[in-house]
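A.B. asks: Sequence:
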Amino acid sequence: MLTHLDNQGRANMVDVTAKSVTERQATAEALVQMRPQTLAMIQDGGHPKGDVFAVARIAGIQAAKRTHELIPLCHPLLLTSIKVNLEARPPEHVLITATCKLAGQTGVEMEALTAASIAALTLYDMCKAVDKDMQIQHVHLQEKLGGKSGHYLRNNQD
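The numbers in my numbering rise by one with no breaks, and the one at position 156 of the sequence shown is 156.
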């Protein structure tokens, strides 16, 4: 059942008033592929724009906090924790992992996915002058905890 549609098929924001407050957490990932020289430049601190990972991390955190402004039917949430990690995977990948938490009435999957996506886009933006062939790949929900549907862990057999 698509919860963002009413019984006439019109889009609407889900009413979470009656849902109980529970601890919720979601982790999303994105993979950015680039030329090995681009990754080496980032790792060596030789990028003229500065610390690429630090800027992408901050962008991901900011994006998670503003998800409701970007995705029309998302609720504004009081996130209690946002962690965005960027890990070099030589020779040519960066793995981005974003985890969002709260105690609330609705899940944080969209916030985690938004954080991972925007961190990846920021990485692309900062490096596009030296590598326009970068690819953002495999943006997905990795894990979800809490709420009515319980625990979800992605099957990583891609």
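Hints were generated in silico from the structure; no laboratory data involved. Here a beta-carbon is modelled for each residue, glycine too, at the ideal position from N, C-alpha and C. Accuracy of the hints is not assured; some may be wrong.
Okay, the calculated beta carbon distance ranges per label pair [to be verified]: (1) 23 x 48: 39 to 47 Å; (2) 6 x 129: 44 to 52 Å; (3) 18 x 51: 21 to 29 Å; (4) 90 x 7: 51 to 59 Å; (5) 73 x 36: 35 to 43 Å; (6) 73 x 51: 31 to 39 Å.
Listed next, the in silico DSS-like pairs over lysine-lysine satisfying Cα-Cα at most 25 Å (straight line) [to be verified]: (7) 19 x 101; (8) 128 x 49; (9) 101 x 49; (10) 19 x 49; (11) 132 x 65; (12) 132 x 148; (13) 128 x 101; (14) 128 x 19; (15) 148 x 83; (16) 49 x 132; (17) 148 x 128; (18) 101 x 132.
A.B. asks: List, from low to high, the hint numbers that the structure doesn't satisfy.
C.D. replies: 3, 9, 10, 11, 12, 13, 14, 17, 18
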